[in-house]
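> Sequence:
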Amino acid sequence: MKFLELTVHTSSEASELVADAMWEFTPHGVTVCDSSDIVALQKNSTVFWDYMDDTLAPSPNADVLVKCYFSLDETDKISALMREIGCRKELAAGAVFFGSLEETKREIEGDDWIDVWKKHFRPIRLGKIVVVPEWIAYDKKAGEETVLLDSNMAFGTGEHETTAMCVALLQKYLHSGDEVLDIGCGSGILGIAAAKLGAKKCYLTDLDPIAVESAKHNSERNGVADKVSVTEADLVGDACVRCDLALANITAEVLALLASGIGNNLKEDGTLILSGIIRERLDFVKETYARAGFAVTEECGRGEWYALALKKESAV
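Take my numbering: the final residue in the sequence shown is number 316, and no numbers are missing along the way.
No wet-lab data here; the hints were simulated from the structure.
Do not take every clue at face value.
[To be verified] Using C-beta positions, here's what the derived DEER-type ranges look like:
| hint | residue 1 | residue 2 | range |
| --- | --- | --- | --- |
| 1 | Thr104 | Glu24 | 46 to 54 Å |
| 2 | Arg83 | His175 | 39 to 47 Å |
| 3 | Gly293 | Arg106 | 49 to 57 Å |
| 4 | Lys267 | Gly301 | 21 to 29 Å |
| 5 | Glu304 | Cys87 | 19 to 27 Å |
| 6 | Arg106 | Glu304 | 44 to 52 Å |
[As the list claims (entries may be wrong)] Within a straight-line C-alpha distance of at most 25 Å, the following computed PhoX-like cross-link-like pairs (lysine-lysine) qualify:
| hint | residue 1 | residue 2 |
| --- | --- | --- |
| 7 | Lys67 | Lys89 |
| 8 | Lys77 | Lys105 |
| 9 | Lys216 | Lys227 |
| 10 | Lys267 | Lys200 |
C-beta: ideal position from N, C-alpha, C; glycine also.
Based on the provided sequences and hints, a complete structural model is requested.
Below you can see the structure in the form of structure tokens.
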């Protein structure tokens, strides 16, 4: 079977936005080729998820190439995809540099690229959590909890700073027996990690049916399907879902839209963890949530990305 490979030239700071848009249009895979990641890996000997091609000569100022794949009868989706990327650029209002957004296309034979892609991934340790591709055999060590992921189908594998910060904050603020809400769950990594760490019930929501399918598959693969509920819906503002801890690893603009209703999903003294915030939009998100009655209890950053832990302020 032949596929069409679409490559979009963008920047490091916009690559997540472009990749996330691509996942909305194809189930066949998305890859991000960012030489700045390779430079960082070369400087960091503690990284466990190694996807570096040893023959690649890093160039930190080069374009980031975000690639996705379509079967040849789906190529009509490309125009709609590029319009969606353009809309995300407009929403960023100049705060995020998107680069040229030049697009190139080529036909490739079969799905051999999936097997090549898989060979470059290794387990990554995030505190007590070790994220393991489900096609790799891994012997769990004492004190570890493994999260097995088949990340072919939906965004979110744990190697990106935004997810890593979420998992770190989750381990700090989660208590045994808590109920957890993960908004925009993607592959389900955060909700599954919460279940493995002792949460009583985890509600995972996403508007993307591919993400919902992936999160359900990963929940079953990890043996936590009885504690995880995955819904293709936006539960924010639904007072029937009230949790001790809520997480949202999305973009700053979407996080801002959630601010007015997300408090309805938190129990008294509940914690809200937000991630996916680019440096230039950090103050915007903090100010938006301050107006909604939230106080920041912790702020952390990795590279250009930031995450926040917040509490709903008590009414006077």
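> Run every hint past the structure and note whether it holds.
Cross-check of the supplied hints:
1. Range check, Thr104 to Glu24: about 20 Å between beta-carbon atoms, so the 46 to 54 Å window is missed.
2. Look at Arg83 against His175: about 44 Å separates their beta carbons, and that is inside 39 to 47 Å.
3. Separated by about 51 Å at the C-beta atoms, Gly293 and Arg106 satisfy the suggested range of 49 to 57 Å.
4. Checking the proposed 21 to 29 Å range against Lys267 and Gly301 shows it holds: the Cβ atoms sit about 28 Å from each other.
5. Range check, Glu304 to Cys87: about 22 Å between beta-carbon atoms, so the 19 to 27 Å window is met.
6. In this structure the hint that Arg106 and Glu304 lie 44 to 52 Å apart at CB is violated, the actual value being about 30 Å.
7. For the hint pairing Lys67 with Lys89, the CA-to-CA distance comes to about 18 Å; that is within 25 Å, so the pair holds.
8. Taking the CA atoms of Lys77 and Lys105, the gap is about 13 Å. The hint holds against a cut of 25 Å.
9. Our distance criterion of 25 Å between C-alpha atoms is met by Lys216 and Lys227, whose separation comes to about 11 Å.
10. Restraint check: the Cα-Cα separation between Lys267 and Lys200 comes to about 15 Å, which is no more than 25 Å; the hinted pair holds.
Hints 1, 6, counting from the list given before, are not met by this structure.
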